[in-house]
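Colleague: When the letters of the sequence shown are read in order and numbered with this note's numbering, they come out as residues 35 to 128.
One thing to keep in mind: the hints can contain errors.
Straight-line distance between alpha carbons at most 25 Å, and here's what the computed PhoX-like set of lysine-lysine pairs gives [said to hold, decoys possible]: (1) K86 - K67; (2) K112 - K87; (3) K73 - K86; (4) K112 - K86; (5) K87 - K73; (6) K67 - K87.
Calculated directly from the structure, the hints in this document are not laboratory data.
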Amino acid sequence: MFAHIGEDYVINSSELLVILNWDSFILSEDNRKILENLKLQDRIFVINDEIKKSIIILEIDGRMYGIISPVSPGTIAKRLLNFNLYIDNYLDQD
Numbered sequence: 035m036f037a038h039i040g041e042d043y044v045i046n047s048s049e050l051l052v053i054l055n056w057d058s059f060i061l062s063e064d065n066r067k068i069l070e071n072l073k074l075q076d077r078i079f080v081i082n083d084e085i086k087k088s089i090i091i092l093e094i095d096g097r098m099y100g101i102i103s104p105v106s107p108g109t110i111a112k113r114l115l116n117f118n119l120y121i122d123n124y125l126d127q128d
């Protein structure tokens with residue numbers, strides 16, 4: 035299943051590890067180290083430099099990636115849930 039995470043970007047839920055609030059995430063020294071490590075490995079993508087509401091951590095081919103999104107974690111979670119409900123209802127209409 036997929037979810038729109040801002041502008042023209044979507045994520046595949048099978049690659050999703052966690053969606054966190056950006057403001058809470060950045061407060062932790064350990065999280066800032068993770069972010070710096072992702073930057074050094076060129077595995078962080080910022081959708082909008084001015085609006086940062088969530089950080090999405092993905093695992094793709096055994097590697098961790100981060101996406102900083104202008105969409106809140108709750109909204110992304112609702113989009114994932116709504117897509118899942120839509121697919122379940124669509125598939126049940128035999």
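Colleague: All hints are to be evaluated individually against the structure, with a verdict given for each.
Modeller: Hint-by-hint comparison with the structure:
For the hint linking K86 to K67, the alpha-carbon distance of about 18 Å falls within 25 Å, and the restraint holds. Under the criterion of a C-alpha separation no larger than 25 Å, the hint pairing K112 with K87 is consistent with the structure, at around 15 Å. Proposed proximity of K73 and K86 is supported: the alpha carbons are some 16 Å apart, at most 25 Å. Simply put, K112 and K86 have alpha-carbon atoms about 18 Å apart, close enough for the 25 Å limit, and the pair holds.
A distance of roughly 18 Å separates the Cα atoms of K87 and K73; the hinted pair therefore holds under the 25 Å criterion. Under the criterion of a C-alpha separation no larger than 25 Å, the hint pairing K67 with K87 is consistent with the structure, at around 19 Å.
In summary, this structure violates none of the numbered hints.
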